[in-house]
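As they're listed, the protein sequences go chains H and X. Per the numbering used here, numbering of the first sequence is gapless, rising by one per residue and ending at 62. Per the numbering used here, numbering of the second sequence is gapless, rising by one per residue and ending at 308.
Take the hints with a grain of salt, since some may be wrong.
[Claimed, not checked] Calculated pairs, BS3-like style, for lysine-lysine (alpha carbon to alpha carbon, straight line, at most 27 Å):
no.	chain 1	residue 1	chain 2	residue 2
1	X	Lys99	X	Lys152
2	X	Lys152	H	Lys55
3	X	Lys136	X	Lys99
4	X	Lys265	H	Lys18
5	X	Lys230	X	Lys149
6	H	Lys55	H	Lys18
[As the list claims (entries may be wrong)] Selected chain H positions facing chain X (in silico; Cβ < 7 Å):
no.	residue
7	Tyr25
8	Leu28
9	Asp44
Since the hints were derived computationally from the structure, they do not count as laboratory data. Glycine is no exception: its CB is placed at the ideal position from the N, C-alpha and C atoms.
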Amino acid sequence: MTKFEGLPREVIALRVAKEIEDGSYVNLGIGIPTLVSNWLEGRDVILQSELGMLKPSRSTRT
Amino acid sequence: MDKVVGSVEEAIADIADGATIAIGGFFAAGVPRTLLKGLIAKRVKGLTLACGSGPLLGAVAEMEGLVANGQIRKVIDSYGLFRSASKGMKSPFEQQVRAGAIEFEVYPMGTLAEKYRAAGAGIPAFYTPTGAGTAVAETVLTNIAANRTPRETRVINGQPCVLETALKPDFAFIHAFTGDAEGNLRYRKTARNFNHVMAMAAKVTIAEVESLAEVGAIDPDTVHTPGIFVQRVVEVPRETFDITNL
Numbered sequence: 001m002t003k004f005e006g007l008p009r010e011v012i013a014l015r016v017a018k019e020i021e022d023g024s025y026v027n028l029g030i031g032i033p034t035l036v037s038n039w040l041e042g043r044d045v046i047l048q049s050e051l052g053m054l055k056p057s058r059s060t061r062t
Numbered sequence: 063m064d065k066v067v068g069s070v071e072e073a074i075a076d077i078a079d080g081a082t083i084a085i086g087g088f089f090a091a092g093v094p095r096t097l098l099k100g101l102i103a104k105r106v107k108g109l110t111l112a113c114g115s116g117p118l119l120g121a122v123a124e125m126e127g128l129v130a131n132g133q134i135r136k137v138i139d140s141y142g143l144f145r146s147a148s149k150g151m152k153s154p155f156e157q158q159v160r161a162g163a164i165e166f167e168v169y170p171m172g173t174l175a176e177k178y179r180a181a182g183a184g185i186p187a188f189y190t191p192t193g194a195g196t197a198v199a200e201t202v203l204t205n206i207a208a209n210r211t212p213r214e215t216r217v218i219n220g221q222p223c224v225l226e227t228a229l230k231p232d233f234a235f236i237h238a239f240t241g242d243a244e245g246n247l248r249y250r251k252t253a254r255n256f257n258h259v260m261a262m263a264a265k266v267t268i269a270e271v272e273s274l275a276e277v278g279a280i281d282p283d284t285v286h287t288p289g290i291f292v293q294r295v296v297e298v299p300r301e302t303f304d305i306t307n308l
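Please model the complete structure; the sequences and the hints are all you need to start from.
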């Protein structure tokens, strides 16, 4: 039995993305929160970068 | 995210009796006249109109329509009565204020602007030196004696200050020159006045715009009010009006 080391980061991000309702503005902190954007493709959600810019483009994602 | 609604009626559909509505504009500049006309047609009553500096003096027909329908319970403003007493006596609004039928509450203009900005920034109250040592620091200034609640004051860095609370309206009526479907707004020259802070402050901000731009067409660095503050956008015709007799 190997020690449980937590969920993969992308799974956490996917679960968080499911919490976000369409029409939301979402401020994404740096780290796992930034990964949430990978699961919001095609959704009616406006992202805000940690330093405040609305609608950061794909190239600013980590 | 498409915040554009097809008509003024749709934009103000959920405004009910007793609502507090911020009205942008400084005399004739930047007043949401078309939304005000919609409010008159809707005939909702018991309204508190939270203004900045005399938008109802600059939109005389709209003010008279609201007064004639008996829709106004209270007006908050920094300069809401005519500067000419003889003209004021003829104004239906001023007559009702003088009779105590409409409550009229007045604040220094910068203090009023900060009341909206503070609400938008999530700050419940702030201290300001404006009005300290005057009647402003004693009670809320209103024509209804029973509502003249005493104010808190405090000396900060040796300067006497007045405690003022944030003002968070249910709705804001905003007039902008250009807007897009995401609610990003640009105002024209001095028409910006109170519109931006009111857009920040209100729970539901409704913007009438003279022209709708494609999303992305407004340079992000030139946006005056970001769409995050705006819930509905309605395109309205550009209106001309007479400002020679204000």
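Structure-based check of each hint:
| no. | hint | verdict |
| --- | --- | --- |
| 1 | Lys99/X - Lys152/X | holds (22 Å) |
| 2 | Lys152/X - Lys55/H | violated (52 Å) |
| 3 | Lys136/X - Lys99/X | holds (18 Å) |
| 4 | Lys265/X - Lys18/H | holds (26 Å) |
| 5 | Lys230/X - Lys149/X | violated (32 Å) |
| 6 | Lys55/H - Lys18/H | holds (19 Å) |
| 7 | Tyr25 | holds (5 Å) |
| 8 | Leu28 | violated (14 Å) |
| 9 | Asp44 | holds (6 Å) |
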